[in-house]
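K.L.:
Numbered per the numbering used here, the sequence shown spans residues 546 to 1069.
Accuracy of the hints is not assured; some may be wrong.
As the list claims (entries may be wrong) - Dumping the calculated DSBU-like pairs for lysine-lysine here, alpha-carbon to alpha-carbon at most 35 Å:
(1) Lys655 - Lys708
(2) Lys611 - Lys623
(3) Lys996 - Lys1011
(4) Lys655 - Lys611
(5) Lys601 - Lys611
(6) Lys692 - Lys715
(7) Lys601 - Lys655
(8) Lys1016 - Lys996
(9) Lys1011 - Lys980
(10) Lys692 - Lys601
(11) Lys709 - Lys655
(12) Lys967 - Lys1016
(13) Lys581 - Lys655
(14) Lys715 - Lys614
(15) Lys611 - Lys715
(16) Lys708 - Lys614
(17) Lys581 - Lys611
(18) Lys708 - Lys753
(19) Lys709 - Lys692
(20) Lys753 - Lys715
Rather than coming from a laboratory, the hints here were simulated on the basis of the structure.
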Amino acid sequence: MRTLICLVLIGFIISLSSCRKDFETVPSQGNLGFSKDTVYLDTVFSNIGSSTYTLKVYNRSNEDIKIPKIRLGKADSKYRMMLDGMTGEDEDNNGIGDGRIFNNVELLAKDSMYVFIETTANIADANPDDFLYTDDIVFDSANGPQKVNLVTLIRDAYFLFPKKDANGIKENLLLGTDDSGEEVRINGFELDDNDPVNGDEYHFNNTKPYVIYGYAGVPDGRTLTIDPGAQVYFHDASGIVVQPGASININGAASPDPNHPQANEVTFEGDRLEPLYEDIPGQWGTIWLRGGSINNSINHLTLKNATVGLLVENCVLNIQNSQIYNSANYGILARGATMNNCENLVVNLAGQASLACTIGGSYQFKHCTFNNNWASSNQVAVLMSNYEEQPDGTNITGSLAQANFYNCIIYSSNNIGIFLDKINDESIPFNFDVKYCLIKFRDSGTSLAGKPIYDFIRNELEGNIKNEDPKFFNANLNMLNIDDTSAAFTKGSLAYLVPLDVLGLPRTSNPPDMGAYQSAAFPE
């Protein structure tokens, strides 16, 4: 019986094979179709590989064809291709296709194939006039070649990363010791004031961008100074650590051209430049101001797409005219910090809180906008606390000497814009003062309902307004500007006036608008 079954199966397979038509191809006549005439690989940094881009090639004829050669136009092209899993001819004889030449590629009638394209190019390879690197994908045929253009903008940069010593051991950054006396280190490096390639790494200029891999450490006694217009890009799990006794001074400036409001801003963001990554949170780590760091100041900084935008621990920070967007956890996490000179600060979209001040501290915010439209039900715009719960269930506590909010907007897609988390211990101060602020606060049905600590907003005392729409231009696109239809329009107080707004424009309303922006017409 087993033999009979095997014979039947063999006969069935043979019968299927006898019905199969052998594919016979004809040479391509150059009638291929393409999903695009030009493939733009967006912007890449010098010698850093691009993302993968796709081109779809169509055979719309009724015949199976053979393309004699698909190749890159330049013999030493910095582009590379893959065709439906094929890597091409092995020109270097290293056992791996080089992604530049493909011979006798078959494409069935009414069928298509994908071409995957990448590049790794140097700024020296680009056209010096426009910094574009170009080439073509050439599809040979009996009637002449068809071409698809390839275009990439290449940016030169200063690259900062952990070095390796003579023994191949990679540099790392010391953070101190743990409770057992063991050293705590992270992937990082200390900046160098005489780097053979970058020069003085304690002074970021605006001649070309900086790209940081790992955590750049500012050691005790040193100051990192960042000029107006400087652009800093961080790789995954990277950032800056300002050690105890060190300082950071970010010296951005307002733009002289209102049509280009970020011309002199300092910008911090991830190193993926493709439009797909423009607003993706958590692409890099944080700017970490450690306890004991000194004389830290930030002016006109735009920071995007970090895990925690600013981590400020038991140190002093003055911050003005700055914007922090799309943070995976917190826009600003301040732990026992002193931030008494915070003006025109805009923080939007964070997984937990746009601003979180824990373990007490001392804070004063004037004309700031804190909003959080993160897609969850637990996020808040502002969290204030005089303790922090530890993994073992114990608490670290600290006096909240002051938390002053004047002429601010505190809003959220959630019902609660501000959360005051006071430990049940009256010996630990929890002082706050909120005046002339527009706040989202709908406590009905929540655990906060009836708590006297929220009477200042529940009863709209001291010029505060609750649950009125600030009518941001587009909060999900980080456009937190307002116009004269906003509930925050002319509802601030002259007693807390900051004369210029976050963009450097004069506050002309009397009384002034709440929030970081002077009201204006909707931008074109």
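K.L.:
Tell me the numbers of any earlier hints that the structure contravenes, in ascending order.
P.N.:
Violated hints (numbers, rising): 1, 6, 11, 14, 15, 16, 19; every other hint is consistent with the structure.
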